[in-house]
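Chemist: Hey, can you work out the whole structure from these sequences and the hints?
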Amino acid sequence: MRGTTNENTNGLIRRYLPKGTRFNNITPKQLDTIAEQINNRRRKCLGYQTPYEIFQKQRYERRVALSA
860 MRGTTNENTN GLIRRYLPKG TRFNNITPKQ LDTIAEQINN RRRKCLGYQT PYEIFQKQRY
920 ERRVALSA
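With this note's numbering applied, the sequence shown covers 860 to 927.
Everything labelled a hint here was simulated from the structure, so no lab data went into it. It is possible that some hints are incorrect.
Stated by the list, open to error - Listed below are the simulated DSSO-like cross-link pairs for lysine-lysine, each with C-alpha atoms no more than 27 Å apart in a straight line:
#1 888 x 878
#2 916 x 878
#3 903 x 916
#4 878 x 903
Modeler: Below, the structure written as structure tokens:
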């Protein structure tokens, strides 16, 4: 499953940065925008949640566990 997920993520990245893209022409702001769009895209492998939603839930659960 992990290999498939990596390939899917690579495909998403290639939508924004096709093969042959020169990375020295990409600004940090552009990379942040791409990352934000990818991390807010629903994924089947995450039960149709976004990576951002999963991250926020785990972050909250860890805070609750640490405060208990």
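Chemist: Look at each hint and say if it fits the structure.
Modeler: Cross-check of the supplied hints:
Simply put, residue 888 and residue 878 have alpha-carbon atoms about 20 Å apart, close enough for the 27 Å limit, and the pair holds. The hinted pair formed by residue 916 and residue 878 fails the criterion: a straight-line CA distance of about 34 Å is larger than 27 Å. Restraint check for residue 903 and residue 916: the C-alpha separation of about 17 Å stays at or below 27 Å, so the hint holds. The suggested pairing of residue 878 with residue 903 holds, with an alpha-carbon distance near 25 Å, which does not exceed 27 Å.
Violated hints amount to a single one, hint 2; each of the other numbered hints is respected by the structure.
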